[in-house]
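J.: The sequence shown begins at 1 in full-length UniProt numbering and counts up by one.
You may find that some hints are simply not true.
[Claimed, not checked] Label-pair ranges, simulated between beta-carbon atoms: (1) I218 x L14: 34 to 40 angstroms; (2) R98 x T78: 23 to 29 angstroms; (3) Q242 x D284: 20 to 26 angstroms; (4) G126 x E72: 38 to 44 angstroms.
Hint data in this document are derived by calculation from the structure and do not stem from the laboratory.
Just so you know, even glycine gets a beta-carbon here, dropped at the ideal spot from N, CA and C.
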Amino acid sequence: MTSLELPTSLDAALGRAGEPRAGGTDLTERRRLNLSRGTVIDLRDVPGLDVITWREGQLHLGALVTLAAVAEHPEVRTRYPAVAATAASIATPQIRARATVGGNLLQHVRCWYYRRPGADCLKSGGSGCPARTGDHLFHACFDLGPCVAPHPSSLATALLAHDVRLEVAGDREHTLASLYGDASDARRQHMLPPGALLTGVTLGPPLAAEQAAYVRAISRARAEWPLVEVVVRLVVAADQLQTARVTVGGVANLPLRLAAVENLLVGKPATPETLTAAAAVAADGAKPLTGTAYKLDLLRGAVLDALERALAQTPTQAAPTPAAAPT
Numbered sequence: 001m002t003s004l005e006l007p008t009s010l011d012a013a014l015g016r017a018g019e020p021r022a023g024g025t026d027l028t029e030r031r032r033l034n035l036s037r038g039t040v041i042d043l044r045d046v047p048g049l050d051v052i053t054w055r056e057g058q059l060h061l062g063a064l065v066t067l068a069a070v071a072e073h074p075e076v077r078t079r080y081p082a083v084a085a086t087a088a089s090i091a092t093p094q095i096r097a098r099a100t101v102g103g104n105l106l107q108h109v110r111c112w113y114y115r116r117p118g119a120d121c122l123k124s125g126g127s128g129c130p131a132r133t134g135d136h137l138f139h140a141c142f143d144l145g146p147c148v149a150p151h152p153s154s155l156a157t158a159l160l161a162h163d164v165r166l167e168v169a170g171d172r173e174h175t176l177a178s179l180y181g182d183a184s185d186a187r188r189q190h191m192l193p194p195g196a197l198l199t200g201v202t203l204g205p206p207l208a209a210e211q212a213a214y215v216r217a218i219s220r221a222r223a224e225w226p227l228v229e230v231v232v233r234l235v236v237a238a239d240q241l242q243t244a245r246v247t248v249g250g251v252a253n254l255p256l257r258l259a260a261v262e263n264l265l266v267g268k269p270a271t272p273e274t275l276t277a278a279a280a281v282a283a284d285g286a287k288p289l290t291g292t293a294y295k296l297d298l299l300r301g302a303v304l305d306a307l308e309r310a311l312a313q314t315p316t317q318a319a320p321t322p323a324a325a326p327t
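Let's have the full structure, built from the sequences with the hints guiding it.
T.: Right under this line is the structure:
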C-alpha cells in the first residue's frame, strides 16, 4: 500500500525511505506504470525551496521553483536570457506551472522501452537496452554508454552553458557532471545517494553584453520532446567573438557542451562565415545508431540557427546586482 509523508522541514525530509515529489509531473506517470513504488515524500511544505534569490551577484533557483516562474522572472529574462528562454519552451503552460527546477533536472528518461512494463531495460531493472535493436528513431546520435535514451532535461542543457553549482542536502555540492556521471552506469538516472535532496541551483555571474538564444527542433508543432535542442551564449566586442558557449540536448544520454564549435568561434570575426564554419563541426564525434543519422544534419542546422539568433539579439545591459530578497 502506498503511503504519503509530508515533512515540514528540510531536516525532516532528509534520509527518508521513499521518493521525493516536487511538481509530480514525471513521478505521477512513473507510479502509474509501476516504475516507482512505495512511499512518496511530498516536499510541498518544506520552506525556502520555492524562491528565486540573489547571492553575492549570482542567481539562486530553489529546487521547487516552477519552470513558469523561471521563464517569467524579469531578472532571469534580463540577466540569464538563455535559461529563461529554455524554461519558456518546455512542455505546455499547464506543465510549466507545476513542473519544478529540481524535478526537471532529476526526471527519468522518456524512452518508450523504459516506460513499457515488462521491457528488458537496464534503467527499469533489466539486462540490456532494447532501443539499440528496436525503435530508436528519436534516440541518441552520440553513443556514449549502454543506454541510448536522450537525456530528458532541457533545463540541464541550458545550465550546462553556465557555471552552476547544485546544492544538495545530505550529500556534497555537485556540478552537472558529477550529478549525471559519465553515462557508464545505465541503471542510474543520476548520482545522488538515496535520501539526499537537491535543494537548489546557483548560476555563475551573468556575462556583460551577452547575446543568447535557445532553439529546439521537434517532430510536431507543439509540446513535443526535442529531437535536438541548442543553447548559445555569445559576447562580442569590436566585432570579434570574445566568448562562446554552445550546449546541446536530445542527442545523447547526457547534455553536451560543444567545445569544437566554441573553439572555432572565439577570437573570430562575428560574421556569417564564422558561424557557418563553426556549426559545420557540431556533429563531429557522433556515432549515430542506424536510423538516427538524420539528427546529424538537424544538429548542425539547429546550431547554426541558434548562433544566428543569438547574434541578432540585443546585448544584455549591465546593471546593479538586485537585492538578495527572495522573489
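J.: Compare the structure with each hint and give your call.
T.: Here is what the structure says about each hint:
1. I218 x L14: 34 to 40 angstroms: 38 angstroms, holds
2. R98 x T78: 23 to 29 angstroms: 25 angstroms, holds
3. Q242 x D284: 20 to 26 angstroms: Cβ of Q242 to Cβ of D284: about 23 angstroms, so the range 20 to 26 angstroms holds.
4. G126 x E72: 38 to 44 angstroms: 41 angstroms, holds
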